[in-house]
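What follows is the residue order along each chain.
Number of protein chains: 2
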Amino acid sequence: MTRHIPVVEKILSANDLMAARNRDMLDSVKVYAINVMASPGAGKTSIILKTLEALHGSLRLGVVEGDLATSIDTDKAIAAGLPAVQINTGGECHLDAVMLADALPRLPLSELDLVIVENVGNLVCPANFQIGTHMNVLVASIPEGDDKPYKYPGMYRGVQALIINKIDLLPYVPFNMDYFRQGVEILNPGLVTFPASAKTGEGMDDWADWLVTRVKSG
Amino acid sequence: MTRHIPVVEKILSANDLMAARNRDMLDSVKVYAINVMASPGAGKTSIILKTLEALHGSLRLGVVEGDLATSIDTDKAIAAGLPAVQINTGGECHLDAVMLADALPRLPLSELDLVIVENVGNLVCPANFQIGTHMNVLVASIPEGDDKPYKYPGMYRGVQALIINKIDLLPYVPFNMDYFRQGVEILNPGLVTFPASAKTGEGMDDWADWLVTRVKSG
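Residue numbers (the working numbering), protein chains in the order written: chain A, 1 to 218; chain B, 1 to 218.
I should point out that these hints are in silico values taken from the structure, not numbers from a laboratory.
Hints may be right or wrong, so weigh each one.
No copy is singled out in the list; a pair is fine if it fits within one copy or between any two copies.
With a Cα cut of at most 20 Å, we get these calculated EDC-like pairs of lysine to aspartate or glutamate [said to hold, decoys possible]:
#1 Lys199 - Asp147
#2 Lys76 - Asp146
#3 Lys216 - Asp178
#4 Lys216 - Glu185
#5 Lys30 - Asp205
#6 Lys216 - Glu202
#7 Lys76 - Asp147
#8 Lys30 - Glu185
#9 Lys199 - Asp168
#10 Lys30 - Glu53
#11 Lys199 - Asp16
#12 Lys216 - Asp206
#13 Lys216 - Glu92
#14 Lys199 - Asp113
#15 Lys30 - Asp206
#16 Lys30 - Glu202
#17 Lys216 - Asp168
#18 Lys216 - Glu53
#19 Lys216 - Asp16
#20 Lys30 - Asp168
#21 Lys76 - Asp27
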């Protein structure tokens, strides 16, 4: 007799259960949360800091910073005046719901409207783990190239908003925006998209205005 | 009585065993192989194609292209006249030694001196899986930012050469080369490093000359 041991299935189910609990907890304290994912160096931290500026105080923001090993991003967030909690994954390639469950109570949630969770820089693994936020946001980056939706479909399928960062570099790198957008549309029809530059600030107001609307509508 | 089931340990051991077999097989046919790793969009494929040009026929080159889903990179390699084999990982975030064992016999190894294996774009997971090549090469990229050694230490520790690609973008992005190199030196003292641009061709001859020396010395 053959016995099957569904290890991966069990792990995912446990994670999903914990993600649902995180979501319930966030709802109970009326805090909206988003999970920001991207390749290494696409500009997640810069986008978060520029989002703070673009919000002009209309939402009270806290952040959870996921990183393999360092607190570089958390230090930047704290320097910008944000309540920030660090998750060091100890080499793990993604955040999971248990890590977020440990981190959330360390933020002053009763004083916040929005928590931005910055996932580990990875365009593959984080897409497989819900963590209990209300929305997944992907930060693409112009110098990564226009073929990324085609090559990393799992990530592009699983998000509710896409920021296309570093558009200030468009004159200096080959990037066919139509080809990129076609790939996005195939995988995630009608996805809300914000061309932006954390460096110049272009596009950040549109993104922040939309985010405010989403948070206020719950 | 508690029983411990060391699942991860067994998987890694099986992979290491298969990696050693790949290495023996490559040695038996006198083919040198390198494992090229990087973030998504750092320019692995472009670097490989420019390496072909910079070799000026001094080595007979074949490639193995790892990708989650598409054959975009393999198509480019074949268009450049290279013998190329595709590994679609089906969503897996890294290549492993079994995948390479399946791919290598599909190349005309007896007609080759060097096989370049392009891993999945990921700065975390591929560092944990030896595949049986003779050397691990990391392609960093200027627009990724200067903090990547600190944030992805596992990858920077496990390589024998580092190409710093897209140096043509240095005027347009914040990147402190001293800070970057300090991080590399802490993790991997004396690592051989090649500042380069696949776009302009700068630095490619130095890299190709060094690679030829390494291949010819076995």
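So, going through the hints one by one against the coordinates:
| no. | hint | in the structure |
| --- | --- | --- |
| 1 | Lys199 - Asp147 | between (23 Å within a copy, 17 Å between copies) |
| 2 | Lys76 - Asp146 | between (29 Å within a copy, 15 Å between copies) |
| 3 | Lys216 - Asp178 | neither (32 Å within a copy, 44 Å between copies) |
| 4 | Lys216 - Glu185 | neither (27 Å within a copy, 48 Å between copies) |
| 5 | Lys30 - Asp205 | neither (24 Å within a copy, 58 Å between copies) |
| 6 | Lys216 - Glu202 | neither (23 Å within a copy, 51 Å between copies) |
| 7 | Lys76 - Asp147 | between (31 Å within a copy, 13 Å between copies) |
| 8 | Lys30 - Glu185 | neither (32 Å within a copy, 46 Å between copies) |
| 9 | Lys199 - Asp168 | both (8 Å within a copy, 18 Å between copies) |
| 10 | Lys30 - Glu53 | neither (22 Å within a copy, 58 Å between copies) |
| 11 | Lys199 - Asp16 | neither (36 Å within a copy, 44 Å between copies) |
| 12 | Lys216 - Asp206 | within (16 Å within a copy, 56 Å between copies) |
| 13 | Lys216 - Glu92 | neither (33 Å within a copy, 37 Å between copies) |
| 14 | Lys199 - Asp113 | neither (26 Å within a copy, 45 Å between copies) |
| 15 | Lys30 - Asp206 | neither (24 Å within a copy, 58 Å between copies) |
| 16 | Lys30 - Glu202 | neither (30 Å within a copy, 54 Å between copies) |
| 17 | Lys216 - Asp168 | neither (31 Å within a copy, 43 Å between copies) |
| 18 | Lys216 - Glu53 | within (18 Å within a copy, 56 Å between copies) |
| 19 | Lys216 - Asp16 | neither (25 Å within a copy, 52 Å between copies) |
| 20 | Lys30 - Asp168 | neither (36 Å within a copy, 47 Å between copies) |
| 21 | Lys76 - Asp27 | neither (28 Å within a copy, 49 Å between copies) |
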